[in-house]
Amino acid sequence: MSSAELAPGAAAPGAGDEVPARPDPAGNKATARVLAVVAAFADGSPSLGVSELARRLGMTKSMVHRALATLLDEGYVVRDASGSRYQLGYRVLEFAGATGSAPELPELCAPYMREMYEITGETVTLAVRRGPVAVTVHGIEGRGPIARRVPIGRVVPLHVSAAARVILGHLDDAEVEEYLRDRVLEKVTPTTLGAADEVWEDVRTTRQQGYAFGLYDHAPSAFGVAFPVLDRVGRPYGSVTVSGPRDRLTPERLAGYLPALIAVADRLNRHSRLFRAPGKENGG
Amino acid sequence: MAEARPRRESQINTSAGHVFDTLRAVASAAAPIGGTEVARAVGVPVSTAHRALVTLEETGFISRSEGGPKFRLGLGAFELVAALTARYAIRDAAQDCLRTLAAATGETCSLVIRLGWYAVCIDGHEGWQAVHRPLRIGERAPLHRTAAGRVLLAGHDAETVRAYARSAQAGSLSSVEVRKLRSELAEAAELGHAVEENAAADGAGGVATIAFAVRGPDGVAVAAIAVSGPAGQFRPAEDERRAEWAELVRPLEAEVAAGPARFADPFGHLPPDTIVLSQVGGTA
Chain P
6 MSSAELAPGA AAPGAGDEVP ARPDPAGNKA TARVLAVVAA FADGSPSLGV SELARRLGMT
66 KSMVHRALAT LLDEGYVVRD ASGSRYQLGY RVLEFAGATG SAPELPELCA PYMREMYEIT
126 GETVTLAVRR GPVAVTVHGI EGRGPIARRV PIGRVVPLHV SAAARVILGH LDDAEVEEYL
186 RDRVLEKVTP TTLGAADEVW EDVRTTRQQG YAFGLYDHAP SAFGVAFPVL DRVGRPYGSV
246 TVSGPRDRLT PERLAGYLPA LIAVADRLNR HSRLFRAPGK ENGG
Chain G
283 MAEARPRRES QINTSAGHVF DTLRAVASAA APIGGTEVAR AVGVPVSTAH RALVTLEETG
343 FISRSEGGPK FRLGLGAFEL VAALTARYAI RDAAQDCLRT LAAATGETCS LVIRLGWYAV
403 CIDGHEGWQA VHRPLRIGER APLHRTAAGR VLLAGHDAET VRAYARSAQA GSLSSVEVRK
463 LRSELAEAAE LGHAVEENAA ADGAGGVATI AFAVRGPDGV AVAAIAVSGP AGQFRPAEDE
523 RRAEWAELVR PLEAEVAAGP ARFADPFGHL PPDTIVLSQV GGTA
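Which chain is which? The protein sequence lines are P and G, in order.
Letter by letter, the first sequence follows residues 6 to 289 in this note's numbering.
Letter by letter, the second sequence follows residues 283 to 566 in this note's numbering.
Careful: at least some of the hints might be erroneous.
Said to hold, decoys possible - Residues on chain P that point at chain G, a partial pick, calculated with CB under 10 Å:
{"hint": "1", "residue": "A47"}
{"hint": "2", "residue": "G49"}
{"hint": "3", "residue": "E79"}
{"hint": "4", "residue": "D85"}
{"hint": "5", "residue": "S87"}
{"hint": "6", "residue": "L98"}
{"hint": "7", "residue": "P116"}
{"hint": "8", "residue": "F280"}
{"hint": "9", "residue": "R281"}
Claimed, not checked - A few chain P residues that don't get close to chain G, going by computed Cβ distances all over 10 Å:
{"hint": "10", "residue": "R119"}
{"hint": "11", "residue": "Y122"}
{"hint": "12", "residue": "L235"}
Since the hints were derived computationally from the structure, they do not count as laboratory data.
All values reported here derive from a predicted model rather than from experimental measurement.
Idealized CB from N, CA, C, for every residue including glycine.
Generate the whole structure from the sequences, applying the supplied hints.
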């Protein structure tokens, strides 16, 4: 977003909806600078000055002034109360979508899931919470002759599988209690958590680590790690899980990938935390 | 749709103007939109629309829908909207209030602020009802048109109400309309809330809303909390739990009273007549 330069587009002339069309390098560069200047306000700064913008975006002050002239004219940036600095303009509200206020979760997660796949070559899945269960809604299948299947539509109780347990671990105590109340903890494999105190222990581990490892508690032949996808108030939308065959994706091998995966998960959460998870507490 | 504004010459980058018109066309489209439709909506040649789409895609403001030729809003646009709504301290302060009220009513609770002469939804929480009024962050309407807007205008002096009634944003109200508005505002000021039930427009049922004022120590509302649902299911005018719901807003009012400066309008230094937004929706 902060890049002022544009990669040259393909030169094929546009026909119908086939984008890209022939680029106009001079106009495009100036336009890209205008977009880069307004995007600089996305970091939450209440106001920014010309020198600050120039330094941050690697532009000359006169480039910044020209971009600001366009943005002020359009109302996407306004002068602040002091008159000498600039703040994000009210007209940015017109970019709020007609059909919703946040991107679809799969779209938000897709680029980060792709990165996790490229780091590991293993299957990466997205699960969302629906009340007391987690549902797999999206995924990229791992490469190699054997891979963990992407079980689209798979529904598991929140205490079964890393993908679900990492969600449970990010609910608050009252919600975990409510989940456990009157629940028969169904054993899917011999290692599935079967007692409330085991679930609480797992919740504490998840909270402390920030992610959850596989326990061979759902698919005994697979191992992996699940990261939460949190919203602005720290509530889980769902989880992203990297998993593979247990004899290839061993705990040792996964430990090697872990720092890079954590870095990707942190960036994903910086993005997802801009938004609010859908509010249907009881699962819609 | 995207309204073209007259643009001054000289420093103003017209190519950037097309890019913003294009972005607004993508934002206001009900479904992913391609170059041909954008060209029609914005009133530019298809090649210009294509160029704008490419620039917006490369800077992350829009993204391709399922890799095809059509586009939807991208993270860059959502980030800017999130950065704008974050300028309102009431957004984070209202989280508990929105959640508890949504749980108590089962209906969608929106946080609405005054921006110039508009009432704008900047956050909210959906309830648990199966059929509901979807939350639409960024939805806006002139103040007198919605229950939330009237609650926001109610604490202001007669001079401000007169200025509003004369404004282009309000649509220059007739004397009959002004009289009606004055009596509605007096009622909202007295009750601390306003109710509205809109007749069905399309046979699918209307929307019923009750909006509660979140008043500062000076009696002027810093925000409104609007509860909206399908008119047949949600009947705020006759529901006796109204007083209980109003109580759920009190803690937020107390928080505002404890430090009102924090909740100052980030656009309070701009004359409201100069703030012009295209309008979307308006039943909250």
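Evaluated hints:
{"no.": "1", "hint": "A47", "result": "holds (4 Å)"}
{"no.": "2", "hint": "G49", "result": "holds (6 Å)"}
{"no.": "3", "hint": "E79", "result": "holds (6 Å)"}
{"no.": "4", "hint": "D85", "result": "holds (7 Å)"}
{"no.": "5", "hint": "S87", "result": "holds (9 Å)"}
{"no.": "6", "hint": "L98", "result": "holds (5 Å)"}
{"no.": "7", "hint": "P116", "result": "holds (9 Å)"}
{"no.": "8", "hint": "F280", "result": "holds (7 Å)"}
{"no.": "9", "hint": "R281", "result": "holds (7 Å)"}
{"no.": "10", "hint": "R119", "result": "holds (12 Å)"}
{"no.": "11", "hint": "Y122", "result": "holds (16 Å)"}
{"no.": "12", "hint": "L235", "result": "holds (14 Å)"}
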